[in-house]
Amino acid sequence: MDLFTSIKEKVNGKNLRIVFPEGYDERILKAATRLASEHVLEPVLIGNRAELEQKAKDLGVSIEGIEVLNPHTYPEMEKMVTEFVERRKGKATEEQARELLKDENYFGTMLVYLKKADGLVSGAAHSTADTVRPALQIIKTKPGIKRTSGAFIMVRGDEKYVFADCAINITLDAQGLAEVAVVSEQTAKMFDIDPKIAMLSFSTKGSAKSEETEKVAEAVKLAKEMNPELMIDGEFQFDAAFVPAVAEKKAPGSIINGDATVFIFPSLEAGNIGYKIAQRLGNFEAVGPILQGLNAPVNDLSRGCNEEDVYKLALITAAQALQ
Numbered sequence: 001m002d003l004f005t006s007i008k009e010k011v012n013g014k015n016l017r018i019v020f021p022e023g024y025d026e027r028i029l030k031a032a033t034r035l036a037s038e039h040v041l042e043p044v045l046i047g048n049r050a051e052l053e054q055k056a057k058d059l060g061v062s063i064e065g066i067e068v069l070n071p072h073t074y075p076e077m078e079k080m081v082t083e084f085v086e087r088r089k090g091k092a093t094e095e096q097a098r099e100l101l102k103d104e105n106y107f108g109t110m111l112v113y114l115k116k117a118d119g120l121v122s123g124a125a126h127s128t129a130d131t132v133r134p135a136l137q138i139i140k141t142k143p144g145i146k147r148t149s150g151a152f153i154m155v156r157g158d159e160k161y162v163f164a165d166c167a168i169n170i171t172l173d174a175q176g177l178a179e180v181a182v183v184s185e186q187t188a189k190m191f192d193i194d195p196k197i198a199m200l201s202f203s204t205k206g207s208a209k210s211e212e213t214e215k216v217a218e219a220v221k222l223a224k225e226m227n228p229e230l231m232i233d234g235e236f237q238f239d240a241a242f243v244p245a246v247a248e249k250k251a252p253g254s255i256i257n258g259d260a261t262v263f264i265f266p267s268l269e270a271g272n273i274g275y276k277i278a279q280r281l282g283n284f285e286a287v288g289p290i291l292q293g294l295n296a297p298v299n300d301l302s303r304g305c306n307e308e309d310v311y312k313l314a315l316i317t318a319a320q321a322l323q
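For what it's worth, full-length UniProt numbering labels the leading residue of the sequence shown as 1, then goes sequentially.
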């Protein structure tokens, strides 16, 4: 079954509400109206309703039946301000909170935090920092996870793999890599991928010694301590993680046995290069990045995205909300 057909089946009928802070962007409007017409989720647009209706009309679409919330007229704003100040624990006054919540991303993120919505998709017209910062300040990371990370689902026909971190952290210590492994397992399960995690390096099981390879090996130990049920091993060169015949020679007895489905890269440099090679040379579709590790789903679009990218990331965000 196609990946997104499967996601639609999972989220259909769940009435999941996904916030789009960039309601004025035509890519957002078109994707939101498409999602609403398919009844797979409930889009919530941020903005002025009259202005959005006119914008939609100009684009040849309709936002009839789609909820629009305006931070400047929101009836529960004072309650939201109080909740924001409490959540920030002395890092924002009421006046500062009131000003911040005029920003669509902060307002949308608070809707998710207050469970007025199930997830948020932004970034079509904002930087990654503008999208992620409110999420880190308000929604925050899951217990035991100190940082977010970005995963791609690599899809080619019936093949599906998780690559991480390919989007957020330039470098990570052993603990950080372990956290990426733990949350990537959850991402894999969400997409019906049996999680067999390979921690990648330029060495396989001590074939080369350096601080970098030892860091990856230590990350394997730490990940097992965080979740003893993880099927994880490393450090591996990619071929030893992916090709059974190579694994038999380079890593005999490994529980992965050349059958990895989740690949944790040692740095953002390696991860970004790796997924793009698979995408361009291997003809894999790269779905993402999917932001991992938060208490509720928030995802960041590329500013170069198209309507289809928005549509797909909204479905992914809805699927994350079911976790």
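Just to be clear, a hint being listed does not mean it is correct.
As the list claims (entries may be wrong) - No farther apart than 25 Å at their CA atoms in a straight line, the calculated lysine-lysine pairs in the BS3-like style are these: (1) K160 <-> K79; (2) K221 <-> K205; (3) K221 <-> K250; (4) K14 <-> K91; (5) K115 <-> K55; (6) K276 <-> K249; (7) K142 <-> K250; (8) K160 <-> K116; (9) K115 <-> K249; (10) K209 <-> K189; (11) K160 <-> K89; (12) K224 <-> K160; (13) K140 <-> K160; (14) K116 <-> K140; (15) K115 <-> K79; (16) K79 <-> K91; (17) K142 <-> K205; (18) K55 <-> K312; (19) K160 <-> K209; (20) K146 <-> K115; (21) K10 <-> K30; (22) K116 <-> K312; (23) K57 <-> K79; (24) K215 <-> K8; (25) K189 <-> K89; (26) K205 <-> K140; (27) K14 <-> K116; (28) K91 <-> K55; (29) K116 <-> K8; (30) K189 <-> K142; (31) K10 <-> K160; (32) K146 <-> K14; (33) K89 <-> K142; (34) K189 <-> K160; (35) K14 <-> K55; (36) K102 <-> K116; (37) K55 <-> K30; (38) K115 <-> K142; (39) K249 <-> K146.
Derived by calculation from the structure, the hints in this document are not laboratory data.
Structure-based check of all given hints:
A distance of roughly 44 Å separates the Cα atoms of K160 and K79; the hinted pair therefore is violated under the 25 Å criterion. Taking the CA atoms of K221 and K205, the gap is about 13 Å. The hint holds against a cut of 25 Å. Straight-line distance between C-alpha atoms of K221 and K250 comes to about 20 Å, which keeps the hinted pair within the 25 Å bound. Pair hint K14 plus K91 does not hold up; C-alpha atoms about 36 Å apart against a cutoff of 25 Å.
A threshold of 25 Å between alpha carbons decides the hint, and for K115 with K55 the separation of about 28 Å lies outside it, so the pair is violated. A hinted pair counts as satisfied when its Cα atoms are at most 25 Å apart, and K276 with K249 does not qualify at roughly 28 Å. A C-alpha spacing of about 36 Å is found between K142 and K250, which places the hinted pair above 25 Å, so the restraint is violated. Between the alpha carbons of K160 and K116 the distance comes to roughly 33 Å, so the proposed pair goes past 25 Å and is violated.
At roughly 51 Å between alpha-carbon atoms, K115 and K249 are farther apart than 25 Å, so this suggested pair is violated. For the hint pairing K209 with K189, the CA-to-CA distance comes to about 33 Å; that exceeds 25 Å, so the pair is violated. Restraint check: the Cα-Cα separation between K160 and K89 comes to about 42 Å, which exceeds 25 Å; the hinted pair is violated. Restraint check for K224 and K160: the C-alpha separation of about 24 Å stays at or below 25 Å, so the hint holds.
With a C-alpha separation of about 29 Å, the suggested pairing of K140 with K160 is violated against the 25 Å cut-off. Distance hint between K116 and K140 is fulfilled; the C-alpha atoms sit about 17 Å from each other, no more than 25 Å. Between K115 and K79 the CA atoms are separated by roughly 14 Å; this keeps the pair inside 25 Å, and the hint holds. Annotation: proposed proximity of K79 to K91 holds, straight-line Cα distance about 17 Å (limit 25 Å).
At most 25 Å may separate the alpha-carbon atoms for a hinted pair to count; K142 and K205 exceed this at roughly 31 Å. As the CA atoms of K55 and K312 are separated by approximately 22 Å, the hinted pair is consistent with the 25 Å bound. Only pairs whose Cα atoms come within 25 Å are accepted, and K160 paired with K209 is rejected, the gap being roughly 32 Å. The straight-line distance between the Cα atoms of K146 and K115 is roughly 22 Å, inside the 25 Å bound, and the hint therefore holds.
For the hint pairing K10 with K30, the CA-to-CA distance comes to about 23 Å; that is within 25 Å, so the pair holds. Distance restraint check for K116 and K312: the Cα-Cα separation of roughly 22 Å lies within the 25 Å cut-off, and the hinted pair is therefore satisfied. For the hint linking K57 to K79, the alpha-carbon distance of about 34 Å lies beyond 25 Å, and the restraint is violated. A threshold of 25 Å between alpha carbons decides the hint, and for K215 with K8 the separation of about 39 Å lies outside it, so the pair is violated.
For the given pair, K189 sits about 34 Å from K89 by alpha-carbon distance, which is inconsistent with the 25 Å threshold. Of the pairs offered as hints, the one joining K205 and K140 is violated, with about 35 Å between alpha carbons and a cut-off of 25 Å exceeded. Pair hint K14 plus K116 holds up; C-alpha atoms about 14 Å apart against a cutoff of 25 Å. Using a Cα cut-off of 25 Å, the hinted pair K91 and K55 is violated, with the two alpha carbons roughly 37 Å apart.
For the proposed pair K116 and K8, the alpha carbon gap of about 21 Å is at most 25 Å, so the pair holds. For the given pair, K189 sits about 17 Å from K142 by alpha-carbon distance, which is consistent with the 25 Å threshold. At roughly 17 Å between alpha-carbon atoms, K10 and K160 fall within 25 Å of each other, so this suggested pair holds. With a CA separation close to 30 Å, the supplied pair K146 and K14 exceeds the 25 Å bound.
Proximity of K89 to K142 is assessed by CA-CA distance (about 18 Å); at most 25 Å being required, the pair is judged to hold. Of the supplied pair hints, the one linking K189 and K160 holds, its CA atoms being roughly 11 Å apart against a limit of 25 Å. The hinted pair formed by K14 and K55 fails the criterion: a straight-line CA distance of about 29 Å is larger than 25 Å. Among the hinted pairs, K102 with K116 is consistent with the structure: their alpha-carbon atoms are about 17 Å apart, no more than 25 Å.
At most 25 Å may separate the alpha-carbon atoms for a hinted pair to count; K55 and K30 meet this at roughly 11 Å. Distance restraint check for K115 and K142: the Cα-Cα separation of roughly 16 Å lies within the 25 Å cut-off, and the hinted pair is therefore satisfied. Annotation: proposed proximity of K249 to K146 is violated, straight-line Cα distance about 37 Å (limit 25 Å).
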